[in-house]
Structures are given as C-alpha cells and as structure tokens.
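Protein chains in written order, with our numbering: chain Z, 239 to 566; chain S, 148 to 352.
The hints are simulated quantities; they were obtained by calculation from the structure and are not laboratory data. Please read these numbers as outputs of a predicted model, since none were measured by experiment. Cβ atoms here follow ideal geometry from the backbone N, Cα and C, with glycine treated the same way. None of the hints are false.
Footprint (simulated), chain S over chain Z, 3 or more residues, beta carbon under 8 angstroms:
hint: 1; region: 317 to 327
hint: 2; region: 349 to 356
hint: 3; region: 366 to 376
hint: 4; region: 407 to 414
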Amino acid sequence: MYGGGNTFEKLKTKSIKEENPEKLAEFEARIARGEKIEPSDWMPDLYRKQLIRMIEQHAHSEIIGALPEGTWVTRAPGFKRKLALMAKVQDEVGHGQLLYSAAETLGKSRESMIEDLISGKSKYSNIFNYPAFTWADSCFISWLVDAGAIVNQLANAKGSYGPYCRALDRICIEESFHLKYGHHCVIHLATGTPKQREMMQEALNRWWPPMMHFFGPSDKISAHTEILMKWKVKMDTNDNMRNQFLDMYVPKIWELGLTIPDPNLKKNEETRRWEYTEPDWEEFKRVINGDGPCNKERLAVRAMAEERGRWVRRALLNPKSKYVTPLA
Amino acid sequence: MTSLDPRLNRVDIYKYQQELQPKDSMDQFETYEVFLQTKESKPYQHEGIVHAPNRDMAFLFAKEQFSRRGTCTGLSVVRTEHIMVSPMTDNDENVYDLVSVEPEKNTKKETYEVFYLFKRGKHMQHQGSVSAVGFHDAYIQAGATYNTGKTVLNVWVIRHDDMLFNTEDERVIWSTLSEKKFRDAIAYKALDKIKKFKEEQLASK
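Starting from the given sequences, assemble the full structure and let the hints guide the process.
This is the structure:
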C-alpha cells in the first residue's frame, strides 16, 4: 500500500541539460504516446534516481506498515478477524517484496535498500511512526490508511515505468480485500455498543491528523515537479490526492455517525474542493526526521529481524552464486 | 521505553541495533524469474522475481508471493542468468527483423521454452517449446513457428531443464485457494450492516 509521489530528501543527479538531447527526446516521445519504459531502455538519470527513491520508500512503507497492525494479530477479536488480519499483514510484506524487485530492475540492490532502511537513511510513510493503541486503531489503519494508499497506487499504476506498474496492478487487486475488511471492522465497532463506538471515535481522533499528513504537504509547483509529472513519475499533486481521498471517504465516515475532529472540514460546493484546518506540517517534519512516537521502535524491530535472521541467510548462501540484475 | 506490543517487551529489541553489522555480499541471494499459469487453457506468463538461495526455495517463495490468490495450475522458476534475452525493440519493429543470429555448431538437441512480448508494459508470454541445439538455434526455430503476424518486441529463450515446474500431483498445493474466502473483498457484506444501522437510528428517533 502506502506509495506516494513525495520523497523526503533532496536528490543529487545529473542535470537534465547534461543528458543526450536526442535520446531524451525519444524517451519523452515514448511517454507522451502512453508507452511504458522498460528496464533495458535508455532513461535520464533523474528519472532513474527519482523512481528508485520512490519505489524503495513505497517498499519500506509496506514492510514497516505491517508492524502496527501485526501487533494486533495475537489479540484480534475472534478467529475470523485473526485469519483475515494475518492474511492482510502477509499481503503487505509480499507487496514490499514486489516493490523491492521493481526498484531493483533500476539498478539498486536489495541489500543496499534494506541497509538504508535500517540505518534510517531511507524513509517510509510517516503514518507508521504512530502507535496503534487499541483494536480500533488497527481497524482505522486497515480501512482508511489503506484507502489513502489505494488512491495513491491507482494513480501511480498509470505511471510510465513498466515493472512498477505491473507490481502495482497485482498489489491493487490484493488491496481490494483489505479495504472491505477494514470497512467491515470499522462498521462493526461504529454500529456496536456505546463502548465500542467510543473506542472507534477515539481511534479516529488520534489518526485523523496523521491521515491528513499522509499525502504530503502542498506541492510547490517547481520545474522539478513539472518534469516528473511530464515523465509520469508523479501522477498528481498531493493536494489533489488528498482531495480525492476526502471526497471518497468523508461521507462514508459520517454515514456511520462518527465525528471527524476538524470543525473546519467541509466541501466547498462552488470550487468542488474540500476545506480543512491546515495540518501541522512542523510536526510532520519533526516525525519524519526521527522524533515521532514510534520511529525508534519500528527501526529497532526491523534491525532485530535483520540480526536474528543473519545466521539463517549465511547457512543457506551458496558461495558460488553471483548477482545479475533481474529482468522485468 | 515500553512498547504497546507485549511480545516486544519480552525481548531487548534495542540491543540488536548496537551489534548490527553491514550485510554480507549476496546476503539477499540471487534472483529467480517466476512464471505462472492461472488456468490450464492459458499460457505461462512472467510475473516477477524472487530472491532465493536455490531453485527449490525459489519455488516455495514464488508460490507464496505469486499464487496466493485466484487460481493456479502451474508455476515455474528459473535463475535470472539462465535466460537468453533479445534486445527490446520499439513499438512497430519486430525483433526478428532487427536481430539475426547464427545457429550454434552443437549437435545435441534439447528442449527450449520460448517467451514473447507483444506490448510494452505487458507480461512476457509463453509461446511454446522447440527442440534445438542451443539458444540461438531455438530463437531461429521459434521465429519460424511462432512469429506469425503480431509484432514481437522481445524474446526470452530458456533451456527447459533449467526451469523447475511443479508436477501434476503437486497441484494440490493450490487446492485450498478457493476455501480462503476471508481474503476476498466479496466476503465482506458491509452494506447490509450499514442499512440495518440506519434503520435502527431512524426507528429510535
């Protein structure tokens, strides 16, 4: 789930002016015709680096995103929910693998991607730095965080890089169950006993601010953003994605009698856009840079898995094997 | 620092970060390309890769990664480096018009599997098998048999014996797929619950 067009670090690449103008023109014409770029094709340095960064962050988000929900597998209410949640968490980890593979076709090895995640060099979706206090929090994630991710992913699946699009097609098919499962869980609590309703409302209050952060701050329409949109790396602006999410899901939340904790949230019928209290972008930056409630725990858990699994990987390794870049 | 996850509080999760070493080279193993057949009437199609220490484990990982949903009748894995790949051509150029090769001098015939790509962005699809003395010979022979009309953009040739396929009997590993309804969106009837909720609300007013 959890992809986005936004990356969090500045990128050092060859400037577009240094690229071969003939090859660049062919490349841009191909994208303009709606054709996909495949790994063996020529591509500008900026395109390659931006895609690696974006797909890699998406992959990390799947792996780290499995943690706050995975916590609830052992305490899921009932066998049915446990089975479904286990299947969902397994899906997310599988999506991480698919995405690492897509990024790998661009030339970054999986070893270095995993190392960059653990060392904190490479980021993941900020929303997973928040804790899932109750079962209702895990229901919120399953429904609405996945919903936000699907808005992103459906857009990105129309992008220009073949392997990423194919991975996203497979991912979106699997996500459809997550969304329905999550919705069902939230409805169950929201239409249940007063205690259950209260629990769901509290989870909504906790998760709404990070959910508004999810799509990232308003894009500065720079030359950089424009070129990434022209190359179909970034498919829409953050504000448009956020607006689409609000359009689709605010009515569904209200329908359940839940209150969204933002008194200014309303749709402007003239502009057809949602109005809301500006999210706290200072907090967003602070949490991305490591100072969120769960950043340390998330990375520590990932480092533990890395260390504990090392002897198994060493025992299995065939010393004669050598690496070649995967094909597609 | 305590975690909300009781399992994490039972171990010292923070000690591992201090001991962390850089990854060994090939820590993530080599890659295997995965081909899947969803129905007997359909061709095998390239789906992606898995990282694995050997072919048997690659098959196991591929089963988990690519045949968790829907139906599956066949799965195959092959080491990435065992595939002969033609250059990728532009949309209206047939690879057979651009890339010609000399047949090999070997004489021992073996079976080769041939995959074509017809459209950028789509998956490589299995066309069939040919008996040939080498990759180049297989490429030429496949052209004579399968290059009929549609523009071929890319060709993959794989020695049959390098691929690991499941046997007929092993198809039982997919027989439980249809029972796992809890992974289908259709199993969650949300609307009924909402309708009932709204009716109750109206009734109480």
